[in-house]
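A.B. asks: If you want the building blocks of each chain, they are given just below.
Protein chains: 2
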Amino acid sequence: MPQEYTPASGDFAEALATDLPEGRLRPVEARYLEERRGRLTGSGGTLALPRSAEEVALILSRAHEARVAVVPYGGGTGLVGGGIGPGDPLILSLEKMDGVRSVYPTENVLVAEAGAILADVQAAAVAEGRLFGLSLASEGSARIGGLLATNAGGLNVLRYGTARAQCLGLEVVTADGRIWHGLTRLWKDNTGYDLRDLFIGSEGTLGIITAAALKLAPRPAASGTALLSVPSPEAALELLGRLRARVGEGVSGFELISRAGWDFLTETGMAGQQPLDPMPDWMVLIELGLSEGQEPAAALEALFAEAAEAGLSDDGVIAQSAAQADALWSLRETIPEANRAIGAIASHDIALPLSAIPEFHRQGLEAMEAIAPLRVNAFGHLGDGNLHWNVFPPKGEDRGAYDGVRAQVTRAVHDLVAALGGSISAEHGIGRFKVDDLERYADPVKLALMRSVKDALDPRGILNPGAVLRAR
Amino acid sequence: MPQEYTPASGDFAEALATDLPEGRLRPVEARYLEERRGRLTGSGGTLALPRSAEEVALILSRAHEARVAVVPYGGGTGLVGGGIGPGDPLILSLEKMDGVRSVYPTENVLVAEAGAILADVQAAAVAEGRLFGLSLASEGSARIGGLLATNAGGLNVLRYGTARAQCLGLEVVTADGRIWHGLTRLWKDNTGYDLRDLFIGSEGTLGIITAAALKLAPRPAASGTALLSVPSPEAALELLGRLRARVGEGVSGFELISRAGWDFLTETGMAGQQPLDPMPDWMVLIELGLSEGQEPAAALEALFAEAAEAGLSDDGVIAQSAAQADALWSLRETIPEANRAIGAIASHDIALPLSAIPEFHRQGLEAMEAIAPLRVNAFGHLGDGNLHWNVFPPKGEDRGAYDGVRAQVTRAVHDLVAALGGSISAEHGIGRFKVDDLERYADPVKLALMRSVKDALDPRGILNPGAVLRAR
Chain P
1 MPQEYTPASG
11 DFAEALATDL
21 PEGRLRPVEA
31 RYLEERRGRL
41 TGSGGTLALP
51 RSAEEVALIL
61 SRAHEARVAV
71 VPYGGGTGLV
81 GGGIGPGDPL
91 ILSLEKMDGV
101 RSVYPTENVL
111 VAEAGAILAD
121 VQAAAVAEGR
131 LFGLSLASEG
141 SARIGGLLAT
151 NAGGLNVLRY
161 GTARAQCLGL
171 EVVTADGRIW
181 HGLTRLWKDN
191 TGYDLRDLFI
201 GSEGTLGIIT
211 AAALKLAPRP
221 AASGTALLSV
231 PSPEAALELL
241 GRLRARVGEG
251 VSGFELISRA
261 GWDFLTETGM
271 AGQQPLDPMP
281 DWMVLIELGL
291 SEGQEPAAAL
301 EALFAEAAEA
311 GLSDDGVIAQ
321 SAAQADALWS
331 LRETIPEANR
341 AIGAIASHDI
351 ALPLSAIPEF
361 HRQGLEAMEA
371 IAPLRVNAFG
381 HLGDGNLHWN
391 VFPPKGEDRG
401 AYDGVRAQVT
411 RAVHDLVAAL
421 GGSISAEHGI
431 GRFKVDDLER
441 YADPVKLALM
451 RSVKDALDPR
461 GILNPGAVLR
471 AR
Chain S
1 MPQEYTPASG
11 DFAEALATDL
21 PEGRLRPVEA
31 RYLEERRGRL
41 TGSGGTLALP
51 RSAEEVALIL
61 SRAHEARVAV
71 VPYGGGTGLV
81 GGGIGPGDPL
91 ILSLEKMDGV
101 RSVYPTENVL
111 VAEAGAILAD
121 VQAAAVAEGR
131 LFGLSLASEG
141 SARIGGLLAT
151 NAGGLNVLRY
161 GTARAQCLGL
171 EVVTADGRIW
181 HGLTRLWKDN
191 TGYDLRDLFI
201 GSEGTLGIIT
211 AAALKLAPRP
221 AASGTALLSV
231 PSPEAALELL
241 GRLRARVGEG
251 VSGFELISRA
261 GWDFLTETGM
271 AGQQPLDPMP
281 DWMVLIELGL
291 SEGQEPAAAL
301 EALFAEAAEA
311 GLSDDGVIAQ
321 SAAQADALWS
331 LRETIPEANR
341 AIGAIASHDI
351 ALPLSAIPEF
361 HRQGLEAMEA
371 IAPLRVNAFG
381 HLGDGNLHWN
391 VFPPKGEDRG
401 AYDGVRAQVT
411 RAVHDLVAAL
421 GGSISAEHGI
431 GRFKVDDLER
441 YADPVKLALM
451 RSVKDALDPR
461 GILNPGAVLR
471 AR
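These protein sequences, in sequence, are chains P and S.
Using the working numbering, you'd call the opening residue of the first sequence number 1 and step up by one each time.
Using the working numbering, you'd call the opening residue of the second sequence number 1 and step up by one each time.
Keep in mind the hints are simulated off the structure, nothing from the lab.
Note that the coordinates shown come from a computational prediction; the quantities given were computed from them, not determined experimentally.
Mixed in with the good hints there might be a few duds.
[As the list claims (entries may be wrong)] With a straight-line cut-off of 20 angstroms between C-alpha atoms, the simulated DMTMM-like cross-links for lysine to aspartate or glutamate are:
{"id": "1", "chain 1": "S", "residue 1": "K446", "chain 2": "P", "residue 2": "E234"}
{"id": "2", "chain 1": "S", "residue 1": "K446", "chain 2": "P", "residue 2": "D455"}
{"id": "3", "chain 1": "S", "residue 1": "K96", "chain 2": "S", "residue 2": "E128"}
{"id": "4", "chain 1": "P", "residue 1": "K446", "chain 2": "S", "residue 2": "E171"}
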């Protein structure tokens, strides 16, 4: 039987409040308890809003002592229920610690507090002539602490990596309220175990990230955007290989879009101008960021000529202005919104070995067809092997009628992913929604090692219980 | 009082041998017990040469059961005594598991066994038109398992990262003999804790890496090499910023060389042709690897023109042939050899925040002068903030006479590194030589967390005892 947690509200909160400066604890508002797609509702009555690592340490040491569950809350943009916990936990938000502490342009380093909003970090980098490489749809509200805790991905992973790859150092408060001062600005450091990467991606279950030293990159001198038709996902991968041979690391984004994506945009009235006529079954959206002396438009034209000759593309548009580039990106970025409007039966954030993607898609469609005449909208970060492979009811039907097959759909998709050596969570994490799947598909030794690490770093199990690993 | 280990030789080895195929255990030869610079001599009588992960698992399960210490041995090229243990441990070498299992060129992935030699991995990548980005002086004997266990760095970290950044998946045998099948070829995977990066850099103290899935990169279409004078390390950093503005990620190497490096080469008769006249106090060796349509020589000429105008360089040579490029690189790569011939009092593998490097070097020289009229040869991977800052006796004197100040020298250097927010081990690791220093300089919370992780994953302390963390 699981051990009980002490409620955060009541005696515990009252005692804690007397030792914190005023205003650090308050009754929680509904928005901290609502999963953004309404799939989970949290509970709990107390919200903690610390303003320093020391305050976080005090809060955690008390929670540890009393065995109060602590659910860390970032920008509320997570997609796997990681920030929504049951019971009467203390909701811990670092939103008052939202500063960019310093920018070191000659070092290409920026130090931010965990509550800093991604868009603000990006802007602080740009103000110093640099670039912070993390970019995703929710960048206006996602916070650095949550982005690191979930090892967020997004649109430029191909070039700059996930959140993990963009972090040099961390300040972390442990489950029992100690502060690890690991906020180094070092590009190399081989002094002991890699605790940084252990905390990154642990979804608040091993410690609370309070600040981070982040990598910046030089800003590309010139950028270019193109949308090219491709006959198949295989052809798209071949095209990526040829593009990289031309411009090396200059490929910032390489997004796969299917005909279904466009159809959904038109169906929901969200489509802008039609970029290609006819719209092909598959397209890739390419973003280049090149150096001085390189011509992105010329590189894209040469690529298209080569692709056309090789039968890899028969239509395309190369943006001739920033507005055209924005329009092409808007097409890609509006797809998730159209998906929500239509209503997916099930969404899958999967990764595959690159060469297994075409096979996965073929077999996946067959598996769906065997269940019902379902529609699939596959799109995403092809260069990373990461597809958002979302399943919808037939046109005109409501997803409500398909509630009964949701589990079957996801099971079929994830079974296939596992069989092909893929991942059931490429960039969203495990949270609370995928705990069962993790138990089903993960290597048992990995699960046992994870449990050992959890028990070692959070022996009383107070940190985000039920996320990543089952609470016990 | 530390708990005793069971000797590997004798009863334990005899029992183990009967359960392993023939030839897996044999008396150890001297070379497995000798630290390459003679600073440490190991002991032990039994060498294990398994040929599969399953055999490694059997060996470890028995060692765990009996509490036999296991010292993993890679290519014997480590610099911190990580592969040399006291007592009668089982020496575990994966040299018989040295195959490149598969190359996936369209995925830019290569899977190798832990005993594979780096040069062989590089060659396997080249054979498929790809590049494996790890490159270092000992690549002819260093093995993948050891390179990952120590998170090795080397010459191309600026572009491709350390060993950690070039690994996608691992197969690992745990201390108690379970196999974690984590050999994925996925570029994104957010399913649970980052065990991969926990094992990488743990120097064989948390588990035994038996195979790895490694990232490959496209081969640059054209390369260029130049040696430019700079007035100071500050100027070198400024030059790097300007170079990156020109060619972005196209900078593969950016090595700082001091006048002392050249003097040591001439003093030891190892110098080739003098590249600049007069030889300046500071130089940078630049390696570019650019894409199709880019001209490395032109980029380097433009950089030099800009640098000359800005007072950042007043002399330089741009290689006009592969032979000239080799000669410039040979200058850089022969410096460690010249250092060994002259005989350092103390060597330091340090990293600093980039902007602290000039200040460190100034204060470091002052600190050395206060001890004795010592000579300093500072060189290394400037772009990573990683200097090899080695201290030598005055010209004509033998280091033997300075044994008495070695500890004082290293203490002064490391104190300064710590004060400036740096690392006392940038790329070599902790091994056995730097355990005291780690205890002195590391954040105490970090040390405590490391100990918790060690106890969780290796509860009987059999894996490489005394490396990274003190044996107990």
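A.B. asks: Confirm or reject each hint.
C.D. replies: Against the structure, the hints come out as follows:
1. The hinted pair formed by K446 of chain S and E234 of chain P fails the criterion: a straight-line CA distance of about 46 angstroms is larger than 20 angstroms.
2. At roughly 17 angstroms between alpha-carbon atoms, K446 of chain S and D455 of chain P fall within 20 angstroms of each other, so this suggested pair holds.
3. Between K96 of chain S and E128 of chain S the alpha-carbon distance is near 24 angstroms, which puts this suggested pair outside the 20 angstroms criterion.
4. With a C-alpha separation of about 11 angstroms, the suggested pairing of K446 of chain P with E171 of chain S holds against the 20 angstroms cut-off.
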